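Protein chains in written order, with this note's numbering: chain X, 1 to 759; chain E, 1 to 176.
The hints are simulated quantities; they were obtained by calculation from the structure and are not laboratory data. It is possible that some hints are incorrect.
[Claimed, not checked] Partial list, computed: chain X residues near chain E (C-beta under 10 Å):
hint, residue
1, Val207
2, Leu220
3, Ile224
4, Leu294
5, Glu295
6, His364
7, Ala367
8, Phe420
9, Met452
10, Met666
11, Gly667
12, Ala672
13, Phe693
14, Ala699
[As the list claims (entries may be wrong)] Below are the DSS-like pairs computed for lysine-lysine, each with C-alpha atoms no more than 27 Å apart in a straight line:
hint, chain 1, residue 1, chain 2, residue 2
15, E, Lys86, X, Lys258
16, X, Lys298, X, Lys256
17, E, Lys86, X, Lys299
18, E, Lys163, X, Lys636
19, X, Lys219, E, Lys31
20, E, Lys166, X, Lys219
21, X, Lys219, E, Lys163
22, E, Lys138, E, Lys90
23, X, Lys219, E, Lys100
24, X, Lys219, E, Lys90
25, E, Lys138, E, Lys166
26, X, Lys298, E, Lys86
27, E, Lys163, E, Lys138
28, X, Lys346, X, Lys560
29, X, Lys256, E, Lys86
30, X, Lys219, E, Lys75
[What the hints assert, rightly or not] Taking CB as the label site, the calculated pair distances span:
hint, chain 1, residue 1, chain 2, residue 2, range
31, X, Leu758, E, Thr83, 44 to 50 Å
32, E, Ala136, X, Asp642, 26 to 32 Å
33, E, Pro139, X, Arg602, 32 to 38 Å
34, X, Asp354, E, Pro139, 53 to 59 Å
35, E, Gly23, X, Thr682, 43 to 49 Å
36, E, His148, X, Asp354, 44 to 50 Å
37, X, Glu716, E, Arg32, 56 to 62 Å
38, X, Gln267, E, Arg34, 42 to 48 Å
39, X, Asp316, E, Lys86, 44 to 50 Å
40, E, Arg173, X, Glu716, 39 to 45 Å
Nothing here was measured: the structure is a model prediction, and the numbers come from that model. Where is the CB? At the ideal position from N, CA and C, for every residue including glycine.
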Amino acid sequence: MTDTLWLSRRRFLKVMAGTAGALVVGIGSARAADTPPVPLGLLGDAWSQVGPYLRLDADGRIFIGARDPDNGEGTATSLPRLVAEELDADWTRVVVVPLGLGVEDGNGEPRWLYGRQRSGQGDSIPTAWTDMRQAGALARSMLLQAAAQRLGVAAGQLRVENGTVIAPDGRRLSYGQLAEAASQLAAPDTMPALKTPDRFRLVGQPVGDVDAHAAVTGKLAYAIDTADGDAMVAVLSRCPYPGGTLDGVDTGDTLKVKGVLQVIQLQPEAGQGLGMTPLAPAVAVLAEDTWSALEGRKKLKLSWKPGAMPLPSLSDLEKQAQASFDSPDALVTVVRDDGDALGLLKKKGVRRIDATYVQPWIAHAVAEPLACTVRVDPDTSAVITTASQAPRDAYTIVQRLTGLRASQIRIDVPRGGGAFGRRLLHDHLAEAMIIAMAEKPEPLRKRAIKVMWTRDEDLAHDAWRAPTIHRMSATIDQRKGITGWVQNMASPNRDLPAPARPWMSELVQDAMPAGLVSNFRSNWYALDTPLPRGEWRGTPHLSHAFASESFIDEIANALKANPLDVRLRLLGEPRKLPYRGPGGPTVDTGRLVNVLRQVADRIDWKRWLHSETGLGLACYYVNGGYVAHAIEVANKGNGQIDVVRAVCAVDVGQPVNPLGLQAQVMGGTIDALSTAMNLSITFRDGQVQQKNFRDYPIANTAQMPNDVEVIIVPSEAAPAGASVLAMPTAAPALANAVFRATAVRVRRLPLLREVARLS
Amino acid sequence: MQQPQVLQAPPTSEIKREPIREGLELVINGKRFRHTGDEALPLLWYLRDILRLTGAKYGCDEGECGFCTVLVDGKAALACRLTMGKLANKHVTTVEGLGKPDGSLHPLQQAWIDEDAVLCGYCQPGQLMAAADLIARKPDPSDADIDHIGTLCRCGSYPRVRKAIKRAAKAMRDAR
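Work out the full structure: start from the sequences and follow the hints.
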């Protein structure tokens, strides 16, 4: 039998009898036209053997679907935990099933079966906090109802322990024994109540990653490891000039390489519209295996022409920014304007302080280079395997290039080797589809094709984290502290030739210290560069926090005050401030003060003034979470800095899996430190200069602190996401610590190069 | 007086020559393989594309990331830098062969799970094989010893990898 419990006009849970006596629960979201009483058959789900979210088998195994892509954020573990919690399931009987893209035909439009299926901005857990728990709670209530009938006891008198229903007289029935009976029941009319936090058994308890065993035995297959039978392998040589064109090709020597099958030119048409990043013109070498393809690529003789638009360097952009900041005629976007910060700045006799911070392009450099396997028959089907943060966007590309229907397109999304925003884009998939659709000799048609990016191409053809230039000005007073704050930010235009179209996520209107300083002004100016740009692990917060949290320390220094005291004074009494954007509608300054105090205590902040080492602090709110870092560094001389200690305190509300949360915070801290210390993408003669890890030196273990001390604030508030949480504060805390240790104020990243230049 | 012995003419030899065995032999995870293809083929692609052992990962192709670290005769080596021609009669161990043939885990693999050292997991085969080499040389590795592991991790799992190496080393010392 099949039954549906409507949670709202748009969301529903569906209960089904699966094969072999299984109970299946799915979560659906319907469009307005589908609201009851549309026949249930139209609402889908039944095609799947594993229910979209939960399938309880008669043998007691519990299959739970992990709907959001996991690229190392740990959601394949934490999301199923939410279902298991409300179900009171025995976690050892849970089998997590990664869900590919859930899509079906809806009258010519795709109908998404599993919701957004998007990972980014750390909102997988906040989104799942309600619906995935409801799926578990519904299943539990139906199992209890089935047990009540079987045992002749009111459901309210039964309790559940680890997947076993226990009657007051001690009789026991396992979930497996009840699955079939429960699947025959009608769903209740109203949603069973969710647990209060005091009844959590799994949420809040540490648990290891569900894929750990497969990862350490080498059995975990990433997209780059898939072969789909016997896929041909394509590697590409892309135009090294962003915006450039292919001028000449000689493939003669390539075609002589054993194993090379074909050379295909990719000349993407203008406005082909493959996401925000236009494809670079490229030449693909298709071969029987990877090595032949790589050897074939080495033998290509290609000439490329730079694009019409010159490529400004970072110092060119800096000049653009300074000119804009100084010109009354420059096109400005006022992000926020409180009081009269500009007036205060011009007032005679006020003390002001100014500083400009410059942050470079950075690459994603995902561990697993972009790769996907596609098997395409343009008339009947497309089967895709790729890591992705947004499989729905991957679907759109495949659909647009093939014209196939939803039921003919399958997209599998295995665990990805890192993502950081890079896998929101699917240029590698678009390339694979173009190669698959290209004319080929008969034996090659319909064979699967794997496209694999090489590291040099990965660094040279990224949608980079764009550079930012912040000119910060503040009016300060020995007695009153910070009285006014003006920040001018310049960053690349979203797309040319629009005169000034901001990259919307970059304008965080209410980022610290907005709302904390009564005279506050925040401006944005466009920089002109044709380079593609993208999201990079909390993009806007990283740039903002480095500028504002460094500047607060500069202000403290000017006031000869303790940077901790300056921050505490700025944050003031615990209160809620309005906050637009992810994590809003309010932020709680008290929660930020708490994490700040926690790291200060842990690192023993009272040593700050006299310590031979340098201590630095920073704090920030991001996506509804609160974070503070305390960093301790030793000056090794000659521009060498040793990070001795890194302490990070976070308040994300209720931690779902503290072990996973700690991993995100530890990893984020190290990523942010490594990036701030060493990394930048630079351009010379219109090309990216970095070719591999030797010149894009991700830190190794020796260069990083031996430990990251993570403090997790206990909380029962609804959880916020964690994957970008530790990113914004690590770099400014480091720069603030370096200032204490070396007297060098770093206003330009990467930091180590700057320390060496200035000391 | 003895008659001089008449020497019999020996029978025509029927000894067959050894057949010419093409290529080279090597042992991978305890199994013998014969490679008859190009000797310039890097071990990484022999493992991944021919044997379909995909535990050793591609990351940079220039020996800079360590994701493809394997053991050759017990010592850490980068599979992307080693050509098949240099591997005749060598013993290669990949992450798939790190545990026992019965499927039980190597203490390092167990420690990795116990410390939850996997983030995205992509570099971890390379971390594990580098650690296997280290722990064989240094049963009680110091922080400075662990610092010599150059395998990169994009997710920043280093502190947990460090703890896992120490945990495994202790487990192995205690088992002796």
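Results for each hint:
Hint on X/Val207 holds. Least Cβ distance to chain E is approximately 8 Å, under the 10 Å limit. Here the hint on X/Leu220 is kept, as its CB sits about 6 Å from the closest CB of chain E, short of 10 Å. The restraint placing X/Ile224 at the interface with chain E holds, with a minimum CB-CB distance near 7 Å, inside the 10 Å limit. Because the beta carbon of X/Leu294 sits about 7 Å from the nearest beta carbon in chain E, less than 10 Å, this interface hint is met.
Annotation: interface hint on X/Glu295 holds; nearest CB of chain E at approximately 9 Å, less than 10 Å. Checking X/His364 against chain E by beta carbon gives a least distance of about 9 Å; that is within 10 Å, so the hint holds. Using the Cβ-Cβ criterion of 10 Å, the hint placing X/Ala367 at the interface with chain E is satisfied: the shortest such distance is roughly 4 Å. Look at X/Phe420: its Cβ gets to within about 8 Å of chain E, closer than 10 Å, so that hint holds up.
Checking X/Met452 against chain E by beta carbon gives a least distance of about 7 Å; that is within 10 Å, so the hint holds. Interface restraint check: X/Met666 against chain E, minimum CB-CB distance 6 Å, threshold 10 Å, status holds. A distance limit of 10 Å between C-beta atoms decides the matter here; for X/Gly667 the minimum to chain E is near 4 Å, and the interface restraint holds. A cut of 10 Å between beta carbons decides the hint on X/Ala672: the least distance to chain E is about 9 Å, and the hint holds.
Contact between X/Phe693 and chain E, as hinted, is supported at the beta carbon level, the nearest pair being about 4 Å apart and thus within 10 Å. Among the interface hints, the one on X/Ala699 holds; its C-beta lies about 8 Å from the nearest C-beta in chain E, closer than the 10 Å criterion. A distance of roughly 21 Å separates the Cα atoms of E/Lys86 and X/Lys258; the hinted pair therefore holds under the 27 Å criterion. Restraint check for X/Lys298 and X/Lys256: the C-alpha separation of about 12 Å stays at or below 27 Å, so the hint holds.
Restraint check for E/Lys86 and X/Lys299: the C-alpha separation of about 24 Å stays at or below 27 Å, so the hint holds. The suggested pairing of E/Lys163 with X/Lys636 holds, with an alpha-carbon distance near 26 Å, which does not exceed 27 Å. Our distance criterion of 27 Å between C-alpha atoms is met by X/Lys219 and E/Lys31, whose separation comes to about 18 Å. Restraint check for E/Lys166 and X/Lys219: satisfied, since their Cα atoms lie roughly 24 Å apart, inside the 27 Å limit.
With a C-alpha separation of about 23 Å, the suggested pairing of X/Lys219 with E/Lys163 holds against the 27 Å cut-off. For the suggested pair E/Lys138 and E/Lys90, the alpha carbons sit about 23 Å apart, so the restraint of at most 27 Å is met. About 15 Å separates the Cα atoms of X/Lys219 and E/Lys100, which keeps this hinted pair within 27 Å; it holds. Distance restraint check for X/Lys219 and E/Lys90: the Cα-Cα separation of roughly 24 Å lies within the 27 Å cut-off, and the hinted pair is therefore satisfied.
For the given pair, E/Lys138 sits about 11 Å from E/Lys166 by alpha-carbon distance, which is consistent with the 27 Å threshold. Proposed proximity of X/Lys298 and E/Lys86 is supported: the alpha carbons are some 22 Å apart, at most 27 Å. For the suggested pair E/Lys163 and E/Lys138, the alpha carbons sit about 15 Å apart, so the restraint of at most 27 Å is met. With a C-alpha separation of about 23 Å, the suggested pair X/Lys346 and X/Lys560 falls inside the 27 Å cut-off, and the hint holds.
Taking the CA atoms of X/Lys256 and E/Lys86, the gap is about 25 Å. The hint holds against a cut of 27 Å. Pair hint X/Lys219 plus E/Lys75 holds up; C-alpha atoms about 22 Å apart against a cutoff of 27 Å. Distance hint check for X/Leu758 and E/Thr83: the Cβ-Cβ separation is about 46 Å, which falls inside the suggested range of 44 to 50 Å. Distance hint check: the CB atoms of E/Ala136 and X/Asp642 are about 29 Å apart, consistent with the given range 26 to 32 Å.
Evaluation of the 32 to 38 Å hint for E/Pro139 and X/Arg602 yields a pass: the beta carbon distance comes to about 33 Å. The supplied range of 53 to 59 Å is met by X/Asp354 and E/Pro139, whose beta-carbon atoms lie about 58 Å from each other. Here the CB-CB span from E/Gly23 to X/Thr682 is close to 46 Å, well matched to the stated 43 to 49 Å. Taken as a hint, the range 44 to 50 Å holds for the pair E/His148 and X/Asp354, whose Cβ atoms sit roughly 45 Å apart.
At roughly 60 Å, the beta-carbon separation of X/Glu716 and E/Arg32 lies within the given 56 to 62 Å, and the hint holds. In this structure, X/Gln267 and E/Arg34 meet the distance hint of 42 to 48 Å, their C-beta atoms being roughly 44 Å apart. Range check, X/Asp316 to E/Lys86: about 48 Å between beta-carbon atoms, so the 44 to 50 Å window is met. Evaluation of the 39 to 45 Å hint for E/Arg173 and X/Glu716 yields a pass: the beta carbon distance comes to about 43 Å.
Going down the numbered hints, you'll see the structure goes against none, and every one checks out.
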